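Number of protein chains: 2
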Amino acid sequence: MTRSEPLARLIEQLQRLPGIGAKSAQRLAFHVLKTPREDVDRLCDAMREVKDRVTYCSVCNNITDQDPCYFCTHPGRDRRLICVVEQPENVVAVERTRDFRGVYHVLMGALSPLHGVGPDDLKIKGLLARVAKGADEVILATNPNVEGEATAIYLAKLLKPLGVKVTRIAMGVPVGGDLEYADEVTMHKAMEGRREV
Amino acid sequence: MTRSEPLARLIEQLQRLPGIGAKSAQRLAFHVLKTPREDVDRLCDAMREVKDRVTYCSVCNNITDQDPCYFCTHPGRDRRLICVVEQPENVVAVERTRDFRGVYHVLMGALSPLHGVGPDDLKIKGLLARVAKGADEVILATNPNVEGEATAIYLAKLLKPLGVKVTRIAMGVPVGGDLEYADEVTMHKAMEGRREV
Chain A
84 MTRSEPLARL IEQLQRLPGI GAKSAQRLAF HVLKTPREDV DRLCDAMREV
134 KDRVTYCSVC NNITDQDPCY FCTHPGRDRR LICVVEQPEN VVAVERTRDF
184 RGVYHVLMGA LSPLHGVGPD DLKIKGLLAR VAKGADEVIL ATNPNVEGEA
234 TAIYLAKLLK PLGVKVTRIA MGVPVGGDLE YADEVTMHKA MEGRREV
Chain B
84 MTRSEPLARL IEQLQRLPGI GAKSAQRLAF HVLKTPREDV DRLCDAMREV
134 KDRVTYCSVC NNITDQDPCY FCTHPGRDRR LICVVEQPEN VVAVERTRDF
184 RGVYHVLMGA LSPLHGVGPD DLKIKGLLAR VAKGADEVIL ATNPNVEGEA
234 TAIYLAKLLK PLGVKVTRIA MGVPVGGDLE YADEVTMHKA MEGRREV
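Quick note, the sequences are listed as chains A and B, same order. Residue numbers for the first sequence follow the working numbering, beginning at 84 and rising by one. Residue numbers for the second sequence follow the working numbering, beginning at 84 and rising by one.
Among the hints, erroneous ones may be present.
Because identical chains cannot be distinguished in the list, a pair is counted as satisfied if it fits within a single copy or across any two copies.
Said to hold, decoys possible - 16 Å max Cα-Cα, derived EDC-like pairs, lysine to aspartate or glutamate: (1) LYS106 to GLU172; (2) LYS117 to ASP148; (3) LYS134 to GLU88; (4) LYS117 to GLU169; (5) LYS117 to GLU172; (6) LYS272 to GLU232.
The set of hints was computed from the structure by calculation and includes no laboratory data. This structure is a prediction, so every number in the text was calculated from the model and none was measured.
Working from the sequences, and respecting the hints, build out all of it.
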């Protein structure tokens, strides 16, 4: 052991974080070493506060520090328009568009038989109950990959008999991108989803 | 404010870390949210322990949890062979070669008039004192950039009158690389430093 023991332990802990490899972990650890103690305390307090105060909304399963959450209690939000996403972080992505005025329903995952995730592992019952109470449209905004697509198809089958309009977000070439870099599946979806101008 | 307050605060704190942008900070914050409380505590404890226990070696300025450090006290290390580096993390890089058996001297930076770093801001006096007490060779392993090179030249001028052998690490094309990707300065150094085979 040639390096300082506490530093080695910190590097080991940092490497467990997603997207942090050996090099990044070392850089971060040396940064912590040079950072004033107060800054380190602030980061730790922020992490612990997230663990202590953030919970999940009992209505939509989004993360929140009050229950029901901001979206479910907001008077300006249309409770009859429900956007279904896989994870709480997906809510952030939809909100970034700044023009969705409905509410959310977070599934907490996507169907993935390979990883042992079945319908009972997702928050589907709550969604069906909400729709049964009354909804105009359910937007399926699960990820545009195999799991998200399978989940969307599964949900559509369950939701349509309830008499609600079920839609799926559009898939196609990303704005600002270049056709040259579009893969064939995306390009296929873009062609298939073409609209008259 | 549509997101949870504690989560927003954590994202803000995470973004201060080097190499962590808005996207990574969000991903890390959501990871913290899903991580068991014990893991978060372990990470915080590791960070605080680094702040509390890790100090700098009074001989070589390397980071250590005992003073003098591992290298300066190791009986198998040649104290007459001193490798000069800019930062404690550079010691790790040299150690990785597994064949340097000398000791280190960490400058805590490099000369950089543009950033207001002059000779008095670096740990140069301690190095001169160590060499004056007796040394066979000083290897200048400062970074292969403008600041590191200037620092190496400056140190060489101070050290040579003390009658010690002063060497500089080789610069050239990196092993495993491809000549096609070598920039012209590196290629120039590689040609200049060529050796007979």
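Hints, one by one, checked against the model:
no. : hint             : result
1   : LYS106 to GLU172 : between (26 Å within a copy, 11 Å between copies)
2   : LYS117 to ASP148 : between (33 Å within a copy, 15 Å between copies)
3   : LYS134 to GLU88  : between (27 Å within a copy, 12 Å between copies)
4   : LYS117 to GLU169 : between (39 Å within a copy, 14 Å between copies)
5   : LYS117 to GLU172 : between (31 Å within a copy, 12 Å between copies)
6   : LYS272 to GLU232 : within (13 Å within a copy, 54 Å between copies)
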